[in-house]
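My request is simple: use the sequences and hints to build the entire structure.
Next come the chains, spelled out residue by residue.
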Amino acid sequence: MKNSINKIAVFSLLILMILFASCEKDLEPEVYDKLAPSTFFKNEVDAKAALTNLYTGMFGGGWGGGYGAAQASWVVQSSQTTDELVCSWGDGGSWAKLNMLNFDDQFSTLTNHYTRLMPRVTNATVLLHNIAAVPMDEGLKKRYLAEVKALRAHMSYILYTFYGPVSIVVDTEYALDPNSSPQARPTNEWMIKQIEKDYKDAILDLPTTYPASDYGRFTKGAAMMGLLKLYMKEKKWTEAIAVGRDLQALEAQGIYTLVPEYEDIFKIQNEQNKEMILAISCDRESNNFNMWLAHVIPGDYVDPSGQAIEAWGGYKMPWKTYDKFNPSDKRLKQLLAKYPTDGGAIIDARAKGMEGAIPKKYGIDPTATNEAHGTDIVVWRYADVLLSMAEAINEVNGPTPEAYYLINRIRTRAGLPNLDIGLSKDLFSNKIMDERLFELWCEGSRRDDLIRWGKYIQRAIDDGSPFATENKILYPLPRKAVNESNGKIVQNPGY
Amino acid sequence: MKLLPKYKPKKNWLNSKTWKVMKLSTILFVVLTLQVSAGVSSQTIVYSGKKVPVKKVLSEVKKQTDYVFFYDANLLKNTQPVTLNLINVPVEKVLSEMFENTSITWVIQGKTISLISRPEALKSDTYIRVIKHISGKVFDDKGQPLVGANIKGKSTSIVARTDVDGSFTIELPDSVSSLVISFIGMETLEVPITGSPMTIILKSEGQKLDDVVVIGYGTTKRKDITGAISTIKTTEIPKGANTSIDQALGGRAAGLVVTQTSGQPGAAPTVQIRGNASFASYGVLYVVDGVPIDGGAGEPGSGTPFGAGISRSPLNFINPNDVESVEVLKDASAAAIYGARAGAGVILITTKRGKKGEPKVSYSFTGAYQQPADFYDILNKHDYMVERNRITKEKYLLTQKIAPYGTTNPSSVPAFVPKYSQSEIDNAGEGTNAIDAVTQSGYIRQHDLSISGGTDKTKYFISGNYLDQEGVIKTSSYKRYSGRINLDQMITDKLKVGVNVVETKSFSDNASIGTGQNETAGIILSAFYHPPTVELQAADGSYPLNPDYKNSPNPLSFLENTDETILNRLLTSGYAEWEIIKDLKAKGNFSYDQSNSKRNVYMPKSFLYGLRNGGVANINESNSNTSLVEYTLAYKKSINENHHLNGIIGYSYQVRSTDGFSAGNSQFLTDGFLYNSLEVGESPKPTVGSWKGKQVWASYFGRLGYDYRGKYILQGSIRRDGSSNFAENKKYGWFPSVSAGWKVSNEEFMQKVPVISFLKLRASYGTTGNSNIGANAFAFYAAGGGANYVFGNTQSSGVYQSQIANPELSWETAKEINLGLDFGLFNDRITGTFEVYDKTISDLLSYKPLPSYSIVGSVASNVGKTQSRGFEFTLKTINIRSNDFSWITDFNIAHYKDTWKERDPEVIKTLPKYVGLNDPIRALYGYQTDGILQIGETVPAAMPSLKPGMVKVKDLNGYDANGNLTGVPDGKLSSADAVYLGNADPGYSYGFGNTFKYKRFDLNIFMYGMTDRLKYNDDKAVAYDLSSKMGSFGWNALEMVKDRWASDNTTGKNPSGLINPYGSYTGNFFREKADFLKCRNITLGYTMTKEMFPNQKIFESLRLSIDAQNLFTVTPYSGIDPELSSFIAYPAQTSIILGLNVIF
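Going line by line, the protein sequences match chains A and B.
Heads up: the first sequence begins at 1 in this note's numbering, then just goes up one per residue.
Heads up: the second sequence begins at 1 in this note's numbering, then just goes up one per residue.
Just so you know, the hints here were simulated from the structure itself, not pulled from any lab data.
The beta-carbon is built from N, C-alpha and C at its ideal position, and this holds for glycine as well.
Careful, some of the hints might be misleading.
No farther apart than 30 Å at their CA atoms in a straight line, the calculated lysine-lysine pairs in the DSSO-like style are these [to be verified]: (1) LYS865(B) <-> LYS480(A); (2) LYS480(A) <-> LYS901(B); (3) LYS355(B) <-> LYS999(B).
Examples of chain B residues lying across from chain A (beta carbon under 10 Å, computed) [claimed, not checked]: (4) ASN725; (5) SER846; (6) ILE878.
Covered stretches of chain B (in silico footprint by chain A; criterion: 3 or more residues with CB under 8 Å from a CB of chain A, positions within the stretch not fixed) [unchecked claim]: (7) 784-794; (8) 1020-1031.
Spelled out as structure tokens, the structure:
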């Protein structure tokens, strides 16, 4: 009996063992929504997809950073921290904080640019390495590498203008080392040189235009414009004039020019116009959509076309700023002090007690059904080249006839008379400052402009801010970046 | 189902008389052998008298013999005096002469003569039946005879009672096959008649030490348990208004915290066992009849901004009425056998199975009436106009810097023009309440039918359930059809097979609760926003919008939407158990759980979102398939009286695959198609999507138990789990446990302490593992989603590195020590359990932040160690137990604390400086608020632009140049000022129940609650954000905002509603104490039994009950419900439930 127990027990165990063993091999992970490194980054298609992802640094979806319309956008921050815009919303006082330059290290709207862009700069560095290794059409490879460099330069520039020099990763080996640790912050000079080099390298290999289906990519002109922005920021006037001339040469080639009517620049019907140097190409059923109108149009606005518009009524241009405009300026067609409501009635925003005028700027996408419009978003346009050139020339040579000519081209289009001749360099400079506001309002230029002119802090003081100290020219770094570096990365002063 | 008694000729009756004598002598014989001291009574009696009262005769008999009589005094009340003339007759003769033609009969046992009422059937002379005489004794589970227990022939009205030594005799028609024995405070027992005499043991109701308790891969007796296990008997909890069993478990077991975070029909409560100091927890593992259950097909999205906030319990597919018992495996030693998914504890659910006997048919009906327990008080039209004027005025004063916000002379600026004139306000009236317009009284109707029974070989339980619930938010409802078959069949006496099938189909109408705000606000928040000055529906049927904010849908227009979820779930399982040799059993267990959830949504043009998109239709589907194969080999052996061994080894392999599909379109010609003709939509880009995932678990396990003379119990188990989530060589982990129990009360020295009827000490140590981190140990690239970008107005797909490899990633392991004490006092009138535990989780699975410049933000990693400590106390007292009245009290309380023990140095580097390394896991950090700034008060130095009526924040700290805290205020607010505010976990959670039974009535009152609890009051925080919301957008607000601080109400205790420039620091002003005590159920029942209606042949018993659920809540919390998740949660309900339960 005992023997048979043993036999049966052993037999049963054996059966169990066989059953167990048969299942062990099934313990491999099965993932259906991701690509393993063994299958990805092998060919041209992979390179293209990786580059596409890098472009998301320019526009982080509807609510993220980049050239969007929400608080995280650097266009919006450029306006909200200057005299261009205030906001009617509460949102925990965050808009008031922006406008009063009441910055602190827990204000994630300010620190998130670092969190978003630092990894993307590293990613660009890795992509330069990876794309170079992919067997593909050499011409296309060159272009892709140039696009990566232009993007890296632009993202580095955004980091630089917000935080000053930061420890961007441009060394491939360091980028690929999983055990690398944070490095100390570089000097301004190193940072400027790095951005300049990337832009210059990119200019060499980028095309001047793309087929319509590739619209939105960095072109030669866009990289030049990026470089012009850098030189303007650094007040390197000669270099700025030089790269401005290159851009003017592109106008001569018929690549760029001014669009005859200011309002047409921002219409969906007029996308890919010749004034655009770089745009965020938008489609309302995609990740890239234009939410500007929802942010600025008041809730009781009724478009004369009858189209319902998502309208949250947030941003307003303060009356103080609005009143600087010449009432006959055609650009006011896009900046509403009065707006239509039910039954064709007109609401006077000032009389209603609103904080300012409605910075409508963009036209309506006739297919829009909610906050998402398909209208392309302006990054840079040719008018900025003309005004930058006028400024740089004035800085170097005073108000030359060329400088007058450049600014008057802009004024003429706006239906304004030419500037009085015989202005002093300073007065001319003031005119340029005003003209940049009238022309480029709410396009992301104002913060850099006021900083360059030394007026960024003063503006906030004039508006009664008790927080406007000189250190607010730079944003705080995220606390995490400081903490994780064991003292190597130093926080910006005053935070 | 009723079997009529068979009638037999009279001679059998006579025959059985002699049989009765034989039986009696058998009893005597038994009694004699048991009680040697009892002498044989052979005395005779001499007595004569005329018209003597019966009582007198009895005392005479007592005098002449040493017999004693035992009877109910009422019994003799109506007896006629007797005339006797007896010389030397035996006692039996005296009795038969005396009680001839009366309703009294007798039983002689030893020297006791019990007089009992003669069963009615025997009095009748219209027909004579075959009668059998059954006798026996009834004991309680401590071996004490039960006096006065009711013995009833099943399906008859023949009743007997036990006498002083627990004995009974009953005469029953031959056709009756079983007895029903009942006693107040004890569980009613039905036993088949196996012969006579019978020995019957009744158990106390409720958690009783002799109960069989289901444990992982087996059962044991409660008194033999060595780990921490709580049992909840579903007979003790009213389930009327609960669509799933988990909803009914709140407060029922110490250490089990069930929080009802949504009142939506079919919603899942959050269920937590003890502390939960893991970040990757699977959550509680549910095992239903041995099959680990996952959530099944998840709730598909709606494809619109309004579809979130839907909650579904994973147990919705189980009819709560089918559940026999719920076991909560709390400590690691109890749960360890379930290994990898048992880290957060295990809940074993056992459904009802057939028992040998006649078919038992049970029907119950539940009807519930429901109202929102507590809901938002919004301003009426008149008050809205007043408050909107007030906030606009306040905003005007602030903007113009007029006192108290500045020194501007009011006459120097344009005067304030109120939005509404005084006459408009005076004529406004109440208006229509938008919250009322979207709520209704709800109801539940439930029918439940079950049939169970069986023979020696076949046992079955079959049930069907229909539930129909109409929610308290309009357009929300839940309908469920559910059926179950549990079948056990002996093929041979060595081979047993069984099948369980449960199929459930449910239809839910989802109200658009949503989780969005502003223009994506759902139905509740939209009602909250809607200005009372705007009518809810115009005469032409259209839904007017708020003229100041035309993006918010009209709340009533939500009712035009169609949003339904159809869920099918079929769980089939089967087993075969083979007794290979005596004591050795092999078992195979197989299950397949398939579920499919489909959500159909249409938003028509009458709804704002639908209008703008020309009608939106979406169909989303999700599927889940889980298969399980389990083999076990169990051995049980008693070597002699002293040594008892049991053991089991097994293997389990489970695969779960999930997938889903979605499609949608918009721009429809007409709303008439709903989602049934997607192709008709003219959207330029109809949406489409699909996904799939798969998980595999493979485990080996074993357990060995040893019991020495029922005093010392040792048990050990081990499980080896494999997970596909880890790299090679890291896939498998070992999870052992040991536990021991010492039944002190079985020791001889304890016999001298009769007060203590049971005492057991136990200790356990166990480990469980966790692998719930997904396939994150491997490097992957992800496509689409946020990586896409648009070129030339066309979206291109981007690819990015989404995760980097961590070949070192391995099992998270929990080690738990549990010490327990089980006791029973005064013959188990008081029973209780006390437990303390200490659980350490090491190699926590979480994500380690990588340096800020890394392409991938974090990597799955083992990041540290946490500790949970706590205690639990459970007490049950039988306060009163008499024939007609009993009162039982249940009480439990639990406390735990989860804290950090160790953190990865890399993680520490990235932590904010205010975080303490050993803080609670769910620590709350934030800024300390300091009341409201008053007029004339010095403005805090760190808040120079603060205005009166705004919340002050304390400047406590600052950073030095190296980014370290200085410990002194730095004159500005920053993250340095954040401090530890408290623990988000409750301090204590408790449950308290009282059950009263009086004759046929039973009353149960159950309360539960939590103490030491903090909750952020979203309701209030949102309510006081008035400046733009009410001022500019014209949104309505809560009643409570009337009493805010304002220049015309400077004693207001709440903020002014103007935009605080330091608003990001002031949130804690709205954090409140959220202790609560809820009256969960008051249930009153009345049970009618067959004997009350002698002429009906339909039912066996019938119970009527009324239950009030969530009658009241005692709490200092000022929001609508301290349990609900957030301010737009579906409200909890107060329900009045009528129940009818009939057993045929």
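Going through the hints against the structure:
With a C-alpha separation of about 22 Å, the suggested pair LYS865(B) and LYS480(A) falls inside the 30 Å cut-off, and the hint holds. Of the pairs offered as hints, the one joining LYS480(A) and LYS901(B) holds, with about 22 Å between alpha carbons and a cut-off of 30 Å not exceeded. With a C-alpha separation of about 28 Å, the suggested pairing of LYS355(B) with LYS999(B) holds against the 30 Å cut-off. For ASN725(B), the suggested interface contact is upheld, since its CB lies about 7 Å from the closest CB of chain A, less than 10 Å.
The criterion of a C-beta within 10 Å of any C-beta in chain A is not met by SER846(B), whose closest approach is roughly 16 Å, and the hint is violated. Using the Cβ-Cβ criterion of 10 Å, the hint placing ILE878(B) at the interface with chain A is not satisfied: the shortest such distance is roughly 47 Å. For the region 784-794 of chain B, the stated coverage by chain A holds: 9 residues have a C-beta nearer than 8 Å to a C-beta of that chain, and at least 3 were required. A stretch counts as covered by a chain when three or more of its residues have a beta carbon under 8 Å from one of that chain; for the region 1020-1031 of chain B and chain A the count is 4, and the coverage holds.
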